[in-house]
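Protein chains in written order, with the working numbering: chain A, 1 to 324; chain B, 1001 to 1322.
Hints should not be assumed to be uniformly reliable.
As a list, the in silico DSBU-like pairs of lysine-lysine whose alpha-carbon atoms are at most 35 Å apart [said to hold, decoys possible]: (1) B/K1049 - A/K159; (2) A/K53 - A/K32; (3) B/K1189 - A/K159; (4) A/K77 - A/K317; (5) A/K77 - A/K58; (6) B/K1166 - A/K312; (7) A/K312 - A/K35; (8) A/K323 - B/K1166; (9) A/K323 - A/K312; (10) A/K312 - B/K1049; (11) B/K1049 - A/K184; (12) B/K1267 - B/K1049; (13) B/K1049 - A/K157.
For each label pair, taking beta carbons as the anchor points, the in silico distance ranges come out as [said to hold, decoys possible]: (14) A/T319 - B/V1025: 50 to 60 Å; (15) A/A101 - B/G1294: 23 to 33 Å; (16) A/K184 - B/S1268: 54 to 64 Å; (17) A/N219 - B/Q1301: 20 to 30 Å; (18) B/E1158 - A/S105: 44 to 54 Å.
The hints are simulated quantities; they were obtained by calculation from the structure and are not laboratory data. Here the structure is a predicted model, which is why all the values come from computation and not from measurement. Note that the Cβ used here is the ideal one computed from N, Cα and C, for glycine as well.
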Amino acid sequence: MRNKFKLLVAAAAVVALSLTGCAASGGGEADKPFKVIAFTSGNQTPVGAWWVKAVTAKAKELGWDLTMIQGDFDFQKMNPAVESAIGQGADVILDGYTDYASIGSIVSAAKDAGIPIFAMDSGTEPTDAFVSNVTTDQQGIVDSTVEALSTELGGLKGKNVMIIGHDPHPGIRMRAGLAEEAFKAAGANIAGGEIQKVQSPATGRTEALALVADYLAANPNGLDAVWVGWDDAALGASKALAEAGSSAKVTGVDATSEAIAEITAGGNFLATIEQPWPAILDTVIGYIVTYQKDGTLPSTNFETVGTTLVNKVNAAKITPSDKL
Amino acid sequence: MTTTNAPARAGQAIGRMLLQGGTVVALLLLIIFFFAMRPDIFLTFVNVKNILYQVSILAIIAGAQTVVMVVGDFDLSVGATSSLAGAVAGAQMIGGAPIWQAISVALLVGLIVGLVNGVLIAYLNLTAFVATLATMTSVVGFAFLVTEGTTLFNFPAEFNELGQGKFLNIPIPVYFALVISVIIWAVLKFTTIGRSWHAIGGNVEVSRLSGVNVRRARLLAFTVAGLVSAIGGILLAARLGSASAVQGSDNMMFSVAAVFLGMTVIKSGMANLGGTMIGVGIIGVMSNGLNILGVNAYIQQVVTGIIIILAVTLSGLKTRER
Chain A
1 MRNKFKLLVA AAAVVALSLT GCAASGGGEA DKPFKVIAFT SGNQTPVGAW
51 WVKAVTAKAK ELGWDLTMIQ GDFDFQKMNP AVESAIGQGA DVILDGYTDY
101 ASIGSIVSAA KDAGIPIFAM DSGTEPTDAF VSNVTTDQQG IVDSTVEALS
151 TELGGLKGKN VMIIGHDPHP GIRMRAGLAE EAFKAAGANI AGGEIQKVQS
201 PATGRTEALA LVADYLAANP NGLDAVWVGW DDAALGASKA LAEAGSSAKV
251 TGVDATSEAI AEITAGGNFL ATIEQPWPAI LDTVIGYIVT YQKDGTLPST
301 NFETVGTTLV NKVNAAKITP SDKL
Chain B
1001 MTTTNAPARA GQAIGRMLLQ GGTVVALLLL IIFFFAMRPD IFLTFVNVKN
1051 ILYQVSILAI IAGAQTVVMV VGDFDLSVGA TSSLAGAVAG AQMIGGAPIW
1101 QAISVALLVG LIVGLVNGVL IAYLNLTAFV ATLATMTSVV GFAFLVTEGT
1151 TLFNFPAEFN ELGQGKFLNI PIPVYFALVI SVIIWAVLKF TTIGRSWHAI
1201 GGNVEVSRLS GVNVRRARLL AFTVAGLVSA IGGILLAARL GSASAVQGSD
1251 NMMFSVAAVF LGMTVIKSGM ANLGGTMIGV GIIGVMSNGL NILGVNAYIQ
1301 QVVTGIIIIL AVTLSGLKTR ER
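My request is simple: use the sequences and hints to build the entire structure.
Written as structure tokens, this is what we have:
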């Protein structure tokens, strides 16, 4: 009788413990694989294309049941596809390079279903939309590029600097604004009196080329530097300066192979910024694995990491962002 | 009686003149306006060269668009075709192909896209809108496949010279634009196929009854448009020293705008190459002038749209008058 009672208590304890385990884990029943919905709108960019491949490989390695949705910058197509996947159930959602402002309906659907969204580079400010968003330090990017130009030009006081940005991209918009503040604080003149805006990333290079060429036609020798929010447009600015015979310097952001080649060649392109996307992805995947194990969420929903200035000195050691 | 009617007649004459030459007058007014705002800069050799350089690729692609619009159709895929051609040429050269081969393959790709458009529209009776929208979508996809989503660069210096070199201090693409424009103008004006295209654009049924092979002529128009767009794309890749899947994508919209602007130039209100070049000139002068005056890019976009609306309205009035 006593043995029967002990057996009953032991069985009850096992059941209770297993139930506790289920409740504490992040999801994914023991017999079912951990289900992840990953999406990105930027899959047609080199970094976005790398992200799709990298996440797919990680999911395979970790045994996740992955649904990968590629949005082609078309939110009308992507958002319903993600919401539909949410409707079929998932343990977590992973957002790559898609600003929370564009995915309000996905955030609502995920909240209703009780599924946490982990993100990387999906906004420049903390938001309740994500349990975690790891991105790069925009202020750090501005500090290092502005300092590189200052060093090259022997200070920025009285220097004419053009800033080229693109407002629809939150990261570029934020860093262009921060750059404007930094140049003004250092006593530089902002060419054209305000940030020059490129309308479409697809034509960023030709737009930046025309902006700088036209500005130099109106103001010969009127530029000491051009600060650009991303490499493709920076390459257009650099070409315009070279064609006009200007010695003004350009900085960009992204560390594309073409920008690195220009920096190495020693022309107008002075420096760019490497953003550590593989390390950031590892961090985010680590958070998801922890959540999968015991349901622990990251302690903060917004995190920024440092970047590396790429100049002639270290260019050879950098892996270009389009060759990740 | 005569005295009373004279001012009215004069007003009508001025109105008719403005209607007839509205686009030319607009171009002249823009030049005068920007010259008055920046007399030290606007008409200098350096700046005029800048404008010509900036519009040279658009002029070529607008030439392609003119051919199909003369026939009464339009081609939404010209920008995508030019991007694909540039990407194909770039990928070939990076793969080690000689320049002549890379350019030939890229031209062939443009020709094939044009041919597909022509078959869909002339023989399978799809509307130009649906057919070229569909091919544009597929062509952009092909361009992404060719470039693998990246920007191709590191082309041979001789190739880049096609887009960046100068002859008599004028950029080479300007000469290309000039030569291609003259060829298209001559074909439209002096050849049988050019007259057939005009006839089809005027009235398809009458052309058919007059013995014009409408299907073959439309097929040829789209094929030429594909080929000429490819030339534009190859030159753009050489001009930038790089090629991406979407580079120059704005050329489609601006080429249609340039042709519409040009349609107001001649009495018939039909697409014509001279008018298209004036349209290209307006777009180039406006963009350069507004940049020189430091006008915000978003305002520039609004102004461009308004100018296109005005041009299309003028063109519509003219057609009604006809």
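Numbers of unmet hints, in rising order
3, 4 and 7
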